[in-house]
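A.B. asks: If you're matching them up, the sequences are chains A and B in order. In terms of this note's numbering, the first sequence is residues 1 to 219. In terms of this note's numbering, the second sequence is residues 1 to 368.
It is possible that part of the hints are untrue.
[Stated by the list, open to error] The following label-pair restraints were derived from C-beta to C-beta distances: (1) A:Ser-162 to B:Val-213: 16 to 24 Å; (2) B:Glu-98 to A:Ala-178: 54 to 62 Å; (3) B:Ala-216 to A:Ser-162: 45 to 53 Å; (4) A:Ser-162 to B:Lys-121: 37 to 45 Å; (5) A:Ser-162 to B:Asp-53: 15 to 23 Å; (6) A:Glu-216 to B:Ala-52: 30 to 38 Å; (7) A:Asp-139 to B:Ser-35: 49 to 57 Å; (8) B:Gly-169 to A:Ser-162: 26 to 34 Å; (9) B:Arg-185 to A:Arg-180: 45 to 53 Å; (10) B:Gly-211 to A:Gly-151: 32 to 40 Å.
[Stated by the list, open to error] Chain A residues, not near chain B, derived (Cβ > 10 Å throughout): (11) Gln-7; (12) Thr-44; (13) Arg-65; (14) Gly-75; (15) Ala-101; (16) Ala-104; (17) Gly-140; (18) Arg-188; (19) Gly-189; (20) Thr-206; (21) Phe-210; (22) Val-217.
FYI, nobody ran anything at the bench for these hints, they're computed from the structure. All C-beta atoms in this analysis are idealised placements derived from N, C-alpha and C, irrespective of residue type, glycine included.
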Amino acid sequence: MATYKLQLTLLSDATFGRGDGVAGLVDVEVEHDVYGLPYLRGRTLKGLLAEECANILFGLQQAARWQQAAQSLFGQPGSNLEDGAGLHMGDAALPAALRAAIAADLQAGQPAYTPNDILESLTAIRNQTAMDETGVPADGSLRAMRVILRGTVFEADLHFPSPPTEDALALLAACAKALRRVGTGRNRGRGRVQVTLCDAQGQNITAKHFDHFTKEVSQ
Amino acid sequence: MIAMTFSIYLQEPLLATTLAGDPNSSVSLPFIPGSLLRGALVAQYLREHSDADIAADPKLRALFLDGKTRYLNAYLLDARGRATLPTPAAWHCNKDEESPVYDLSAESRDDEDWQPQAVKKPFCQLEKNEATFYTPARQMNVHTQRDRVMGRAIEDSGAVFRYEALAAGQSFGGVVLCDNEEAARTLESLLEAALFLGGSHNAGYGRVKIGAVKRADSWQEVPLKPADLPSKGKLVITLLSDALLRDANGQYTPFLTAEWLGARLGVTLTLEQEHTFAKSVIRRVQSQVGTAVATDTGGAGGERVHLYYRCEYSCQAIGRIDCRGYWRAVCRGLWSLDDQLAHAARGTYASRPAENREGENGQADRRE
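Taking the hints into account, I'd like the entire structure generated from these sequences.
C.D. replies: Take a look at the structure:
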């Protein structure tokens, strides 16, 4: 099995929504694990990359070739063993060593901090309200949203049961470069990200594979 | 019979869905069905042997299709790595109390303050007269479906749905029973591969790590020595997994009748209704092998039966339940349990009267 990584660096505060809030505290809570560590779900990340892939394919005139590469990466609804996705995407979480260290501390006898402390150290709460036409805050529109602070780096494991083709990696690198915004409020300044494709050792291989992509589509 | 036992560690949440929850929810079973593991191993085999025709090759049919190789459900492992078993339906405690637990298949209670309540926790570990109960941890995630063009949910393309999955970090104990060395070797190599089980396994769910693969020539679900049954007495049957039973007309039935069981044991059985605890559920069974997708609704939709029978029987010679002929009904769920939980075998009945002795692998050795 071939393993790669996607590294996401937040360039602005981001909210990876959990789908609910905490009554009396925030209206939109971020997804976090039992140790208070935020993460972005693999399904969400896969959907974002698949969306970028669809946009790229729409713009390309060599759609057939890259359509096959897209199929091998993301599959399609109703696919079977022969034409299903060849990529398993894990959750984008904080680096594994950090998570392991925090988990070990919290599972120890008397930890110096709680999961809530961890969450609050990595996030902040932003408030927003709608304004009416007179510039006065509209009634009932105050909302609190938790954001993950910019600069936080997430890693997602990518597993290929069969080694990916060069085209598949090239397209994946292109999708990674195309993905710029993630999460709630991403059209309003939140969620700017820089995504890089790395090998199993963490070496950045985005440029190498994107070069192949640009060379092939330029022909 | 060769038993391959192994642990399945969930590196990511696992969705082994069943019919439950609202239409926009997927709720996982509290265990890993053997069919899920079988499907994953089939997929791995086809990945490694792309030109294989499983349906045409007799050895592969025996390995994956025709029931000669049995993929048992994987139940939760406790903190010490010991397998747990489904809590018998006959175990009850008094309402609002957790202890003591009474086995109502063995006794009746008619105290004035007795308000029986079934033990709710789905799995148990029994040691002497103490039982420890377990519930697998679950993780709930809310997902939204967005329209790809609009980038958000719209009227015709968008939904909020929930996945209630088995939480990551837990271990389950898997068992595969096979007939021959070649099948065992093939299974061992397949179990070394990285597997992804269950729904949504391409993104965020289903990654597992198989470990502690062991092989045994004799294996028992419950580590107790089989003993000889007296010529007259009580026989208690507990199903350790869902059972799909067919009646004489070939239709699915939720009833494990004394006649059906007695015919297979070669004895006359009488059912004690008051000590029988049976429940059934509808579960959709879907099998996907290769490129074919077949849905087997099991007649009424697939049924699960946990049964306790307390039967009076007169024994002439208790024959071996041949699980090969009834692999779906028998080897997935049938075992025998007497008053002292002294007899247990998944798939093969392991107790004989004094004149019949049983070999290590469950083969009956009748003596004249």
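A.B. asks: Are the hints correct? Go through all of them and say.
C.D. replies: So, going through the hints one by one against the coordinates:
1. A:Ser-162 to B:Val-213: 16 to 24 Å: holds (23 Å)
2. B:Glu-98 to A:Ala-178: 54 to 62 Å: holds (56 Å)
3. B:Ala-216 to A:Ser-162: 45 to 53 Å: violated (33 Å)
4. A:Ser-162 to B:Lys-121: 37 to 45 Å: Once the Cβ atoms are compared, 41 Å apart, the range 37 to 45 Å for B:Lys-121 and A:Ser-162 holds.
5. A:Ser-162 to B:Asp-53: 15 to 23 Å: holds (20 Å)
6. A:Glu-216 to B:Ala-52: 30 to 38 Å: With Cβ atoms ~34 Å apart, the hint holds.
7. A:Asp-139 to B:Ser-35: 49 to 57 Å: holds (55 Å)
8. B:Gly-169 to A:Ser-162: 26 to 34 Å: holds (28 Å)
9. B:Arg-185 to A:Arg-180: 45 to 53 Å: At 50 Å between Cβs, range holds.
10. B:Gly-211 to A:Gly-151: 32 to 40 Å: With Cβ atoms ~37 Å apart, the hint holds.
11. Gln-7: holds (17 Å)
12. Thr-44: violated (8 Å)
13. Arg-65: A:Arg-65 is indeed farther than 10 Å from all Cβ atoms of chain B, at 21 Å.
14. Gly-75: violated (7 Å)
15. Ala-101: The assertion about A:Ala-101 holds, with a minimum of 16 Å to chain B.
16. Ala-104: holds (13 Å)
17. Gly-140: holds (22 Å)
18. Arg-188: holds (13 Å)
19. Gly-189: holds (16 Å)
20. Thr-206: It holds; A:Thr-206 is separated from chain B by about 21 Å at its closest Cβ, greater than 10 Å.
21. Phe-210: It holds; A:Phe-210 is separated from chain B by about 23 Å at its closest Cβ, greater than 10 Å.
22. Val-217: holds (22 Å)
Checked against the numbered hints above, the structure breaks hints 3, 12 and 14 and satisfies the rest.
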